[in-house]
Amino acid sequence: MNEVVSVGGKLALICAIAAVALGLVNAVTAPAIANVKEEQLASALDTVRGTAEAGEEQLVEDDPIVKGYYPLNSGGSEAGYILKLTGVGYAGDMELLASIDFDGEIRSVKLMDNAETPGLGKEAEKSEYMEKFVGTGAQTPVPLNKQQLSQKHADSVSGASITFMGLAQALEAGSDYVKEQLGK
Amino acid sequence: MSYVGIIITFVFIENFILTKFLGLCPFIGVSKNTESAVGMGFAVTFVMSLASLTTWAIQKLILVPLGLEFLQTITFILVIATLVQLVEMIIQKISAPLYKALGIYLPLITTNCAVLGIALIAVRSNYNAFESFVAGFSAGLGFLLAILLMSTIREKLENEWVPKPFRGVPIAFITGGLMALAFMAFDKALLRNLIG
Amino acid sequence: MGNFTKGIFKENPIFVILLGLCPTLAVSTQVINAIGMGAGVIFVLLGSNIFVSLLKNFIPDKVRIPSYIVIIASFVTIVDLVMQAYTPSLSKNLGVFVQLIVVNCIILGRAEAFASKSNVKDAVFDALGMGVGFTLGLALIALIREVLGAGTITLFAVGGFDGVIRLPGLSESPVRIIALAPGALLVIGYLKGLFNWMEMRKAKGAAV
Chain Z
20 MNEVVSVGGK
30 LALICAIAAV
40 ALGLVNAVTA
50 PAIANVKEEQ
60 LASALDTVRG
70 TAEAGEEQLV
80 EDDPIVKGYY
90 PLNSGGSEAG
100 YILKLTGVGY
110 AGDMELLASI
120 DFDGEIRSVK
130 LMDNAETPGL
140 GKEAEKSEYM
150 EKFVGTGAQT
160 PVPLNKQQLS
170 QKHADSVSGA
180 SITFMGLAQA
190 LEAGSDYVKE
200 QLGK
Chain D
53 MSYVGIIITF
63 VFIENFILTK
73 FLGLCPFIGV
83 SKNTESAVGM
93 GFAVTFVMSL
103 ASLTTWAIQK
113 LILVPLGLEF
123 LQTITFILVI
133 ATLVQLVEMI
143 IQKISAPLYK
153 ALGIYLPLIT
163 TNCAVLGIAL
173 IAVRSNYNAF
183 ESFVAGFSAG
193 LGFLLAILLM
203 STIREKLENE
213 WVPKPFRGVP
223 IAFITGGLMA
233 LAFMAFDKAL
243 LRNLIG
Chain E
27 MGNFTKGIFK
37 ENPIFVILLG
47 LCPTLAVSTQ
57 VINAIGMGAG
67 VIFVLLGSNI
77 FVSLLKNFIP
87 DKVRIPSYIV
97 IIASFVTIVD
107 LVMQAYTPSL
117 SKNLGVFVQL
127 IVVNCIILGR
137 AEAFASKSNV
147 KDAVFDALGM
157 GVGFTLGLAL
167 IALIREVLGA
177 GTITLFAVGG
187 FDGVIRLPGL
197 SESPVRIIAL
207 APGALLVIGY
217 LKGLFNWMEM
227 RKAKGAAV
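Residue numbers (our numbering), protein chains in the order written: chain Z, 20 to 203; chain D, 53 to 248; chain E, 27 to 234.
The hints are simulated quantities; they were obtained by calculation from the structure and are not laboratory data. All C-beta atoms in this analysis are idealised placements derived from N, C-alpha and C, irrespective of residue type, glycine included. Keep in mind that a hint or two might mislead.
Computed Cβ-Cβ distance ranges for the label pairs, DEER-style [claimed, not checked]:
no. : chain 1 : residue 1 : chain 2 : residue 2 : range
1   : Z       : Gly178    : E       : Lys118    : 16 to 26 angstroms
2   : Z       : Ser169    : D       : Glu207    : 32 to 42 angstroms
3   : D       : Phe182    : E       : Asp87     : 37 to 47 angstroms
4   : E       : Ser115    : Z       : Gly42     : 19 to 29 angstroms
5   : D       : Val214    : Z       : Ala35     : 47 to 57 angstroms
6   : D       : Leu118    : E       : Thr113    : 54 to 64 angstroms
7   : Z       : Gly28     : D       : Ala181    : 32 to 42 angstroms
8   : D       : Pro117    : E       : Arg192    : 41 to 51 angstroms
9   : Z       : Gln77     : D       : Ile142    : 46 to 56 angstroms
10  : Z       : Gly42     : D       : Pro159    : 24 to 34 angstroms
11  : E       : Trp223    : Z       : Gln167    : 51 to 61 angstroms
12  : E       : Leu181    : Z       : Gln200    : 41 to 51 angstroms
Only chain Z is shown next, with the shape it has when bound in the complex:
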């Protein structure tokens, strides 16, 4: 009995010390980690908002794709929204910010968090990749598969069609959300 208590006690002591030590490390790194996330979001918002100012974030519940939005304000008048979208990529979820006008037209897109394959799906992080979606969503529909793209854009999707379809579906959902829920 004594042996069990002594052995168990020593193990428990090691665990306790470990937990305390980690608590300290956590306290030190947590603000830095939160900072990193904020900076990434701010820089992505900057890329997407153009000359407009972004207002307070409004969270959206119960939507699998649209997670939140920021109303845009340009020189005093409302100028559409930036939507936070979640698309399903090749290797997990992809986080996007998209600037969308009231009529659903997509003005600018930035791919943030993703685990796509470098050289293939990850190319979507570049702004040239997103050109295929800019201007769609209102008069022209958001392209949902490779056949609907021009030759130049179709090439950039080669070998990474899952990434493309995930992005397209998310953007279409975002564009529809603005038209149906937020539009004038």
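Fit chains D and E to the supplied structure of chain Z, relying on the hints for placement.
Just chains D and E now, kept in the frame of chain Z:
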């Protein structure tokens, strides 16, 4: 994701061994002989299913509410170590020959990246309890499938001529590589077409 | 000193003892990821070897494996948190594999086989040797996979240089399969075959 989607994903499309390389040590180490490969596969599947369910509970009910997410790695691995001890005792009681056949590889399930791997992936993918369980179970099945296929190939290879430098481990890796190549046929497009 | 060099060649964890395979293949897609993972493993190895050696008379034999695991997991958590805070893109590239360092057989293996029976100084050199050997092996695989599979070599981003060296010819039409899953297994299989062949020639040379 639908349950069928989860199963197809972890057994084929994201087979732990052939696409994520989780569980390689036993894959190369235990696949010389089909019986122990299958025994190992079942033991791992059992542990993985229970582990992902238990770690889901710990994450959801203890770590998150108390803001202790930084203790995730420690608690998860300790849970897995405990489960493996339990499984060891159970197998010893139920089937002494299997216990002997698995030998050292049974306690080594604790350090099998696949078990901790599925626990972490299930949490990162925000699965609920049942989805976590199904994910663990399917990942285990995927492991079983890969190790079973590998062992049948290696048994045949024993009777074939292999250049000396490649005998044993290197040819096993190359075989694995070719299997992974074949498994690339299962990709997300297939899943989309099957389930929509 | 012998403790240090043995980790690099004779008992190289990747190619000789075949430990720590999981993270090896998964993060070997880019050289920078291999170096980052290697750095993390060296840190954890050092921490765990030192503490296991220091506490070797305190840890009861019956619970030594769980104790080692707690120690290793603590250092892994430290590496994970520090990476998330100060090297976020590396943290994202490595993903779950940072936490999976805790089940990297190399670390538990060294704790059990060496550190628990040695003094701190020897344990430190052993950790450094194994860690460096692991990093070199991983970097070699990553170099081959990245050069052939993507035509680039990704190193540290310094100033205006984004860290990516693009190789002419190869970066336009790389052998993509090598950057994907099967490539990893094939590369390590052929490398191991190559090293075996080199060993055999050496043995034959010595026998002659």
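Hint says 24 to 34 angstroms; check whether the CB-CB distance for Gly42/Z and Pro159/D agrees. At 30 angstroms between Cβs, range holds.
Given the hint of 41 to 51 angstroms, check if Pro117/D and Arg192/E actually sit that far apart at their C-beta atoms. Holds, at about 48 angstroms.
Range agreement (Cβ of Gln200/Z with Cβ of Leu181/E, hint 41 to 51 angstroms): holds (46 angstroms)
Taking 51 to 61 angstroms as the hint, is the beta-carbon distance of Trp223/E and Gln167/Z inside that range? holds (52 angstroms)
Between Ser169/Z and Glu207/D, does the beta-carbon spacing fit 32 to 42 angstroms? violated (53 angstroms)
Has the hinted range 19 to 29 angstroms been met by the Cβ atoms of Ser115/E and Gly42/Z? holds (27 angstroms)
Cβ separation of Val214/D and Ala35/Z, checked against the hinted range 47 to 57 angstroms: holds (53 angstroms)
For the pair Gln77/Z and Ile142/D, does the Cβ-Cβ distance stay inside 46 to 56 angstroms? Taking Cβ atoms as reference, Gln77/Z and Ile142/D lie about 52 angstroms apart, which means the hint holds.
Does the Cβ-Cβ separation between Phe182/D and Asp87/E fall within 37 to 47 angstroms? Hint holds: Cβ distance 40 angstroms, inside 37 to 47 angstroms.
Lying within 54 to 64 angstroms: is that true of the beta-carbon distance Leu118/D to Thr113/E? violated (28 angstroms)
Given a hint of 16 to 26 angstroms, does the C-beta separation of Gly178/Z and Lys118/E actually sit inside it? Between Gly178/Z and Lys118/E, where Cβ atoms are some 22 angstroms apart, the hint holds.
Is the gap between the beta carbons of Gly28/Z and Ala181/D within 32 to 42 angstroms? holds (34 angstroms)
Hints 2, 6, counting from the list given before, are not met by this structure.
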